[in-house]
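Asks: Residues per chain are reported as follows:
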Amino acid sequence: MTAQLIIFYLLGAATVLSSLGVVLTRNVVHAAFMLLVALLAVAGIFLVAVAEFLALAQILIYGGAVTVVVLFAIMLTRTDDQPRADHSQRALAMLAAIGVFGLLVVAFVVSDVASLESATGVATDGETGFENLALGLFTDWAIPFEMASLVLLVALIGAIMLARNLEDGE
Amino acid sequence: MLELAHFQVLSAALFSIGIFGVLARRSAVLVLISIEIMLNAVNVNLVGIAAFSDRAADVRVFGQILVVFIITIAAAEIGLALAIVLRVFRNRGSANVDELNVMKW
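So the sequences go chain by chain: Z and L. Take the first sequence: its position 59, counted from the start at 1, is 59 in the numbering used here, and no numbers get skipped. Take the second sequence: its position 74, counted from the start at 1, is 74 in the numbering used here, and no numbers get skipped.
It cannot be assumed that every hint is accurate.
[Stated by the list, open to error] These stretches of chain L come out as covered by chain Z in the derived footprint (C-beta under 8 Å, 3 or more residues):
1. 8 to 17
2. 26 to 34
3. 40 to 49
4. 66 to 76
No lab work stands behind these hints: they were computed from the structure. The beta-carbon is built from N, C-alpha and C at its ideal position, and this holds for glycine as well.
With these hints in hand, go ahead and build the complete structure from the sequences.
Replies: Put into structure tokens, the structure is as follows:
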């Protein structure tokens with residue numbers, strides 16, 4: 001149980017530090033790679049919370065696809081002069097972020113969801129999320145699941161239409 | 001002992017880091033990256049709640065199922081948004097959000 005906690009703390013520290021790196025670094029490419037580290041650490045946190053399938057999906061979709069797409073976008077929108085990475089409203093943004101963090105933590109402490117739901121703690125002995133997730137996804141959630149695939153298809157076609165070079169002809 | 005509060009505080013930290021990124025960054029690509037961080041904060045929260053409370057058969061891993069849909073929508077969103085950013089960059093020669101002010105009065 002304590003090993004679980006230590007792993008959670010390590011992964012959480014990696015997530016928070018690399019996310020901070022994403023929003024603080026001046027180099028855009030470094031930001032993309034630190035995003036990759038943060039997303040992989042989140043996948044590890046999913047594993048701690050017994051969500052194996054989500055961890056795999058996270059690594060495949062974020063680690064594989066999203067990071068590559070972001071790197072391509074960075075490469076294609078590159079201009080020679082990058083004088084500053086941040087707005088002048090940076091201090092205000094910092095204030096807003098700290099305010100939201102305080103508000104969220106207070107809300108979590110006050111609402112205390114854990115005690116409402118008679119929490120029993122994260123499962124450790126041999127229980128996996130795969131079976132329950134598959135049962136839920138293909139019985140109660142089958143129609144939304146298929147609609148999600150439709151949404152993905154529409155988004156793909158839309159992205160291709162938008163990014164295509166119209167001057168080249170049809 | 002790992003508690004739900006751990007997941008919630010981590011989620012809150014990630015979400016506020018994402019808010020800072022969205023508000024402070026100039027490049028539209030970096031703003032989108034920060035939005036991805038915020039979506040991941042929500043996912044961490046949902047997975048934590050699923051691990052601690054979704055044991056009964058009638059709410060079977062509801063939190064994890066929501067995360068599946070969020071990941072799907074996030075993938076669609078980043079693809080479409082980056083295509084729009086590319087198009088804007090091609091038309092206007094800049095992908096910095098403070099220079100795209102044609103609709104500002």
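Asks: State the violated hints by number, sorted upward, taking the hints as numbered earlier in the document.
Replies: none
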